[in-house]
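Asks: Single-letter residue listing:
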Amino acid sequence: MDRPVTVRLRGRGGVGLLAVPAVVFLLVFYAYPLFRLLLVSLDAPRFGVTHYVTFFTEPAYLRILIRTFRVSLTVTLGCLLLGYPTAYVLSRVSGRVRRVLLLLVVVPYLTSFLVRTYAWMVLLGPKGVINSVLLRAGVIEAPLKLLYNAVGVHVGMIHVLLPLMILPLYSVMVGIDRTYVRAAQSLGAGTVRTFLRVFLPLSLPGVRSGCVLVFLVALGFYITPAMLGGLRDSMIAMLIESQITQLVNWGFAATAAFVLLVVTLGGFSLVGRVSGTTALVASEAAGRTFAITAWDAGGQRRWAPGPRWRPSLAPPAALAVLGRRLDAMVSALRRRQWALGQRREASGERLASAALHGYAAAVFFFLILPTFIVVPISLSAGDFLAFPPPGWSFRWYLSYFSQPPWLHATLLSFEVALVTMLASTLLGTLAAYGVLRGRLRRRTLVVSLIVSPIIVPPIVIGVAIYGLLAGWDLIGRFAGLVVGHAIGSIAYVMVIVSATLAGFDRSLERAAMSLGAGPLLTFRRVTFPLIRAGVLSGAVFAFIHSFDEVVITMFISGVHVQTLPLKMWEDIRNQIDPTIAAVSSMLILLPVAGLVALELAHGLRRLRRGASAPGGV
Amino acid sequence: MRRHARTLTLLLGAALVGLALVALPAPERAVGQDKGRVVVQIGGGDWADANYEAYVAPFEKETGIKVVAVRDWMSIAKLKLMVESKKVELDVADIPRLHYLSAVKANYLEKIDYGLYDKTELGKIDDLSKQAYGVGAAYFSYVMAYDTEKFPAGKRPTTWAEFWDAKKFPAPRTLRAGVYGTGAYEEALLADGVPMDKLYPMDVDRAFKSLDKIRPHVTTWWKEGAEGQQLFADKVVTIGDVFNGRIGNLQKKGMPLGIEWNQGKLQLDYWVIPKGAPNLQNAQRFIEFATRAKRQGAFSELIPYGPTNTAAFDHIKPETARQLPTFPANLKRQFHRNEDWYAEVGPGGKSNLEMIIERWNRWTVQ
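From first to last, the protein sequence lines stand for chains A and B.
For reference, each letter of the first sequence is one residue, going 2 to 618 in our numbering.
For reference, each letter of the second sequence is one residue, going 48 to 413 in our numbering.
Everything labelled a hint here was simulated from the structure, so no lab data went into it.
Mixed in with the good hints there might be a few duds.
[Claimed, not checked] Here are the simulated EDC-like pairs of lysine to aspartate or glutamate, each with C-alpha atoms no more than 16 Å apart in a straight line: (1) B:K300 with A:D578; (2) B:K133 with A:E59; (3) B:K134 with A:D578; (4) B:K397 with A:E59; (5) B:K299 with A:D578.
The structure presented is a predicted model; accordingly, all values stated were derived computationally and were not measured.
Kindly produce the complete structure, drawing on both the sequences and the hints.
Replies: See below:
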């Protein structure tokens with residue numbers, strides 16, 4: 002295992018160049034404008050640090066910053082607890098069920114976050130659905146306080162961010178070679194032990210990328226906490242937003258944004274230093290290390306820079322040696338017990354599996370719960386968002402289809418999102434490949450550059466890139482919108498794809514190469530099929546990021562162009578009519594209908610093929 | 048293997064389609080490039096509909112000038128970006144006085160050409176509305192709104208002092224959050240006994256001390272106008288401060304809500320022309336047209352906001368007039384929010400608006 006590493010270092014330096022397109026794009030359209038904003042925060046050309054002094058001497062800002070980090074952390078933990086078992090179940094089920102479940106993860110994401118937030122207000126309110134049900138069932142005597150406090154903030158944020166946890170986890174888990182698991186079990190490891198020593202370590206790149214994504218995105222939240230939380234629940238992005246929209250104090254807004262950015266990147270680089278990896282994206286070493294330590298604890302740690310912050314999983318070398326001796330002594334005994342235990346375990350496993358599936362089902366229910374509010378609201382006969390609706394009608398669907406601005410906005414959003422998705426999936430995948438496989442001198446810096454757009458609040462990006470886009474006459478242009486959206490989308494693709502690449506067994510590629518396949522053929526035939534789940538997950542988020550983006554768009558869309566979220570935003574700020582619920586319902590139902598049609602077509606084809614060639618599937 | 052080939056072909060095809068789309072120009076809502084046009088931002092929702100019906104359509108009919116109506120709101124941040132990058136695509140927009148003052152200070156606006164105005168019309172436009180760089184478009188008011196089922200006549204608060212009395216009037220309440228600087232500070236001072244004409248210069252310490260008292264009784268603090276409206280529509284709250292037009296909208300749809308005009312807080316929006324507007328002359332003409340008494344009367348019939356041209360009341364039905372914030376009987380019970388005080392720069396080099404946002408942030412984390 003030692004040699005291929007050095008071979009890679011010598012022979013594949015050029016791979017790092019794959020990150021160049023993404024880096025150049027971000028340097029031009031993101032880093033440079035942001036640098037100019039940094040100068041503004043430093044009062045250039047006079048230069049001073051008054052804004053920074055204000056930020057650090059006003060205790061309120063520090064407290065809001067700390068709270069922002071704390072909330073992001075608890076939200077990340079919540080997402081992990083809900084997301085890990087769910088992703089596990091997702092990776093175990095087959096074909097059709099998996100497609101349906103994946104859709105259930107993604108589809109709620111297509112609902113405008115404003116509508117979703119409203120749905121949560123309906124669900125969690127003092128007279129809301131949840132309290133009514135619990136009161137009627139006699140579980141509680143007084144309504145629970147679920148809204149306008151930290152509970153509401155967490156429920157709302159976890160709901161929005163859960164797909165960002167599940168999909169990277171799923172992409173990695175689906176790529177884990179199950180023979181490892183079976184091998185461990187055949188060698189006598191129990192279910193728990195197999196999970197802890199084999200499956201969990203192999204899935205860690207997914208855990209890492211899911212946590213990184215959720216945490217970073219959570220840092221920039223403000224509308225959800227502002228609407229579902231209390232006074233004390235405001236987050237730093239809200240502060241930045243009010244500085245920009247009310248005070249046009251870009252210096253101070255930029256200051257707060259840079260403090261957030263530096264503290265976050267600093268924190269990750271600290272974690273990275275401790276663990277010896279780039280903490281922002283899963284590194285290849287991490288995945289491999291755990292695969293190895295699972296077999297041969299500690300023995301190979303010399304060459305595998307294993308993250309030290311998870312020592313409990315990889316016992317220190319001395320202990321490991323002792324452990325191996327013990328293992329050898331016990332294993333004979335264990336083998337004998339194994340056959341016996343198999344039967345006992347089978348029933349226990351069934352129980353555990355039922356519990357696991359129940360848990361996942363509850364998570365899926367949580368994910369689609371707001372949909373049960375949004376769809377009925379959209380069928381309301383009343384004049385505004387109300388639940389339960391006063392009567393039923395299709396008038397808000399008719400209202401949507403009879404208004405050209407809605408249709409234009411929808412079409413434009415689809416087009417922009419499609420192009421953004423293609424461009425950023427390409428750039429992001431190449432960058433992930435280059436960063437992980439290539440020999441990059443300033444890897445941490447490159448990774449920070451690509452991932453940081455998730456941390457910088459979008460309103461700051463919007464202000465920063467406006468001048469540049471205006472200079473190139475891209476305000477209100479299709480290309481300008483794609484550029485503005487791709488800045489963030491590339492980051493999503495990069496984080497998710499790098500997780501699947503990290504958990505990837507390189508020996509398969511080497512085998513293909515040794516059999517004479519060139520790098521391109523190897524990529525097409527071996528690498529791409531194996532990381533496809535990750536690339537597709539990344540693409541989904543790239544699409545959704547663009548499709549849902551409202552803040553940057555508000556600035557760079559100019560006067561004459563309106564995307565769907567902008568139209569929704571215009572609408573919700575003025576009249577709370579159910580048209581946006583109708584739009585949201587269609588966004589949910591369209592993919593579902595598409596999937597059903599696909600399945601039907603698939604079934605039909607199978608049926609026909611079955612008829613013409615009996616026995617063939 | 049065949050499946051992968053197909054996937055790749057599909058991706059490639061999609062990429063080509065994408066490229067073709069990039070090459071296409073953005074689908075613009077604007078049409079025609081002839082000289083006779085003006086681009087007007089008309090806001091959104093009912094407000095935009097009213098603007099369109101009362102001003103845009105009749106203006107096109109009378110002048111033959113094509114109006115490109117943009118359904119969006121102007122923010123001071125966008126105005127700044129637009130003007131400073133010298134890429135102004137917009138001729139007319141409306142902004143609140145708070146932003147008007149800072150836009151004037153930063154030199155983002157064109158001067159209004161009052162030479163175009165009819166003398167009698169101009170004489171009827173109130174003084175606050177006749178500014179060098181903007182003409183008043185409409186008055187809003189932050190009023191105390193209440194659920195009439197929960198608060199029948201005679202058994203409800205009519206002053207902010209009574210609103211603050213949570214023991215006597217227990218009810219889920221809402222007040223405007225101060226994160227944008229436009230919080231319920233005046234209401235807090237009135238509740239503490241400061242008379243309406245002695246609010247400014249504002250005693251900020253006293254305002255926050257008064258807010259301390261009501262804080263535990265406020266269900267939630269709204270930020271956007273639609274949020275305040277939704278709270279009443281869903282009956283999450285039964286009393287609170289909201290824009291009068293938002294409540295008027297719900298009343299029209301039959302919701303049992305009332306408005307207390309006493310101690311209402313008036314604010315004013317201006318029609319303005321961004322510096323460097325491409326159709327300056329038409330913009331001037333549009334604003335002149337939109338501030339005529341008859342037009343403003345038509346506007347107020349559509350949406351319950353107050354005209355700035357006092358002669359507009361000649362064109363408004365009496366039952367509509369009573370619902371407007373500038374109806375004389377309502378007007379005299381309210382006060383004007385003093386935006387000049389908010390714009391004033393204090394000894395620390397910060398405007399009062401900046402200072403009060405900072406105070407608000409500090410107060411929320413207490």
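Asks: Please go over all the hints and tell whether each is borne out by the structure.
Replies: We went through each hint and held it up to the structure:
1. Restraint check for K300 of chain B and D578 of chain A: the C-alpha separation of about 12 Å stays at or below 16 Å, so the hint holds.
2. Proposed proximity of K133 of chain B and E59 of chain A is contradicted: the alpha carbons are some 36 Å apart, above 16 Å.
3. A hinted pair counts as satisfied when its Cα atoms are at most 16 Å apart, and K134 of chain B with D578 of chain A does not qualify at roughly 34 Å.
4. With a C-alpha separation of about 14 Å, the suggested pair K397 of chain B and E59 of chain A falls inside the 16 Å cut-off, and the hint holds.
5. A hinted pair counts as satisfied when its Cα atoms are at most 16 Å apart, and K299 of chain B with D578 of chain A qualifies at roughly 14 Å.
Violation of the numbered hints given earlier is confined to hints 2 and 3; the remaining hints are satisfied by the structure.
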